[in-house]
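There are 2 protein chains.
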Amino acid sequence: MSAHMTPEEFRLAAHRAIDALCDYWRTIESRPVLCEKKPGDIAAMLPAHAPEDPEPWDAILGDVDRIVLPGLTHWQSPSFFAFFPANASFPAVLGDLISTGLGVNGMLWATSPAATEIETRVLDWLAELLGLPESFRSVGGIGGGVIHGTASEAVLTALVAARHRAVSRAPSGPAPHCTIYASTQAHSSIVKAAMIAGLAANPDDRSHLRLIETDADHAMNPAALAQAMRDDVAAGRVPTFVVATVGTTSSTAVDPLARIGPICREHNAWLHVDAAFSGSALICPEHRWMIDGVQHADSFNMNPHKWLLTSFDCSCFWTSDRRSLTAALSVTPEYLRNAASSSGTVIDYRDWQIPLGRRFRALKLWFVIRHYGAAGLRAYIREHVRLAEMFESWIKGDDRFEIAAPRTTALVCFRIRPGKGESIEQADARSRSLLATLNGSGKIYLTHTTLPDPAGQPRHTLRVAIGSTLTEERHVRAAWDLISSTVA
Amino acid sequence: MSAHMTPEEFRLAAHRAIDALCDYWRTIESRPVLCEKKPGDIAAMLPAHAPEDPEPWDAILGDVDRIVLPGLTHWQSPSFFAFFPANASFPAVLGDLISTGLGVNGMLWATSPAATEIETRVLDWLAELLGLPESFRSVGGIGGGVIHGTASEAVLTALVAARHRAVSRAPSGPAPHCTIYASTQAHSSIVKAAMIAGLAANPDDRSHLRLIETDADHAMNPAALAQAMRDDVAAGRVPTFVVATVGTTSSTAVDPLARIGPICREHNAWLHVDAAFSGSALICPEHRWMIDGVQHADSFNMNPHKWLLTSFDCSCFWTSDRRSLTAALSVTPEYLRNAASSSGTVIDYRDWQIPLGRRFRALKLWFVIRHYGAAGLRAYIREHVRLAEMFESWIKGDDRFEIAAPRTTALVCFRIRPGKGESIEQADARSRSLLATLNGSGKIYLTHTTLPDPAGQPRHTLRVAIGSTLTEERHVRAAWDLISSTVA
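From first to last, the protein sequence lines are chains E and H. Residues in the first sequence are numbered from 1164 upward in steps of one, following this note's numbering. Residues in the second sequence are numbered from 1164 upward in steps of one, following this note's numbering.
Next up, chain E with everything else stripped away, as it sits in the complex:
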């Protein structure tokens, strides 16, 4: 037999790994946030061939320090302000550790009832915490929640369910020409989902996909959506799927669900709400204006792995129409049949997602909610929003900059205000140069986007997304001091 690590060897190795992780988290502020390696630097440190013989654990763990750590961009750094955060937390790490250690596959209820039933219950908890309608809960309803890996998988799943429902409802004859709608500011995963689903041949194909114009606040214009849907109906097409974004990636703009919802209802189109980042803020009632109208939605998605302390991957998806979901995704060969599934009394989550197999991801979310409590999670979100307000006030008070988009939660978008006699292009060039200098410093990491100014001119826009697990006021102050002193 091969040389398995014994439980006792594992115990010692794992204790050392834990200690190394503690050291990493303690010293993470001292590392350059954005990795400084060049393409090929890491590969050059790795042998060209796999080892024929076993290597000692010392060598393996040593290479984490020697090769891995210097090759990372430190998403858990408190000075990581790029993209959106990818929250890790110790309770989530513990949940994930136990999940991996138990090594179960919850593809069917029968293959680990606890994995399914804890997931169902915890998603009901979270739906309530977020203020979602009761129709999204599994208890007593025809809805329910499931954990996907990412928001990309969530939107693809919703699209496939929406198409299946539209095709099922269509009169017999040729398949309906299904159309999809999202704002021009919606996430690239929607275009990607359309490509995967066969509704776009390439990112620019608009045969099925409509990107709806946005208003000055970068949120979807509902009148334009209504017009696009009417035009499609007039042309014999079937409006099928609408993605409303609650917190766009570029600027956290909030599409107006209360106006979009009734338009979707009128056309029997599936309304999916992508709240990947901003959804976490809904645990605080003061942010629930963002989902006014959510009762019209057929599905809703938010990522606790972004801003709710649950280590990647954990993307929560709820639907109020689980039959359309399972009808679109269920394929049951003989080798998966079992008494519990056939009884119809259990959830088999394989039919709620793209893959068949699945990790026990609910464990980490369960741990996080229990460790922090709802009150602790609210306090966490509120502190980041407070820091974002503070940062925004500094931008507003400095006439070298201007705010590029309304701040809705914890993302601040700003741009360089052109100086006297300076063109917009020159100001944007300074912005790009500022960004490169800031990220090259190793002290902070932020990313950019493009947003139109009031005149419709696309502008290079800096994004400071506040929401990393360890980010405190001092980190935001230090970031502002660096930005303020670096800008030319």
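Hints in this document: simulated from the structure, not taken from any laboratory. Treat the hints with care, since some could be wrong.
Identical copies carry no separate label here, and so any pair may be met within one copy or between two of them.
To be verified - Within a straight-line C-alpha distance of at most 20 angstroms, the following computed EDC-like cross-link-like pairs (lysine to aspartate or glutamate) qualify: (1) K1200 to D1216; (2) K1201 to D1511; (3) K1200 to D1511.
For this one, chain E is given, so just place chain H on it according to the hints.
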């Protein structure tokens, strides 16, 4: 601020969790393999609402013992012979622990170069260990490997790439009618992928999908494939995607690549090889007959999380045509643009997969290969194959049973031989009853399938899949003793 666990609190909690996992692995044989809970039993132990206030770690860890463990089907039990195994191992758990603890998202090269470059290198290592053609390696070629979550995602990704290539090559005009081929014994994920991709409206839709008949060994009949493709061409359709299975789920039948490959080439169809389970055996040269002809493949997939000691999820996918893959999946909004990606000198794995975000999964595979060494992995596979041969010999030596399919690696398929005057239906009823009794005993867990007998009659077939991490000869002997003494 909210109450984060401090590194010191985490250290203590994690050491306890590790100790609990050691206890679990030490005592796993004493637990009923298949969970004995009824639907709703676990849910009834969970509060209806999330806690408002934090709970102590003692309560949380205690509920793992109290609620979780009794609610599991123990995939890591050495007496788990169901489905295919889902190998966990201590080195993989350590890799996953460190991955979660570092909390990076490797969606782009720039967002953690080590996550990308270690993955690329380790997939090159593994391609070599498996005896795959050099065209699948990233070094110096136009191919390369990537880690997906599951084989379902792998086949969907390959299908989308295949369709994109076929559409790109088609003359302008209406989109080609793309057709897909797999054997009647191929995995349900292929039908599901067709549904997701919009090429099947439901599991029975054969407008684009052809399920090719199999021979007596349950492997695809190449002549029938060739005929189906010719028929489609004659009807103006475009043969686009062929899945050949190396180790089917029902019986580990091996589709003959050497005959299928040239047929695919003739039609310029993408050949995807699904070796999810049996692929691990390819690290032993004596099993490479199974991929004779693999040089014709455009993509190849095997799951180290099934039988190569790498905890779920880790599904390795290689392509010899990475440009078709990225062309089908790449969508680049402004907020993801960066200097490294624009330089064209790095791999951004987001364009090789369905989701955008991704875990650092290569770490656990790297640890496994280094801990065991290639020699250790070969020894591991060979021991399971030896045990399967042994089990097969016992079936062959007992005239109450008969072998239902050729054993190719470590799965033994067998059925009850009808007794004197007993009908096939009666024998199958005894088989179903035997299975229920065995699984109800808690001592072993196996699953069933349906396979045709030589007369083409579908028969209830028992599957004993040997390959769990801890399975030793004594467990296989005990399983046989139980089966042999239980059969009516």
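Is it within, between, both, or neither for K1201 and D1511, if the alpha carbons may be no more than 20 angstroms apart?
between (45 angstroms within a copy, 14 angstroms between copies)
For K1200 vs D1216, is the C-alpha pair at or below 20 angstroms within one copy, between two copies, both, or neither?
neither (30 angstroms within a copy, 43 angstroms between copies)
20 angstroms Cα threshold - placement of D1511 relative to K1200
Between copies only: 15 angstroms across, 44 angstroms inside.
Of the numbered hints stated above, the single one contradicted by the structure is hint 1.
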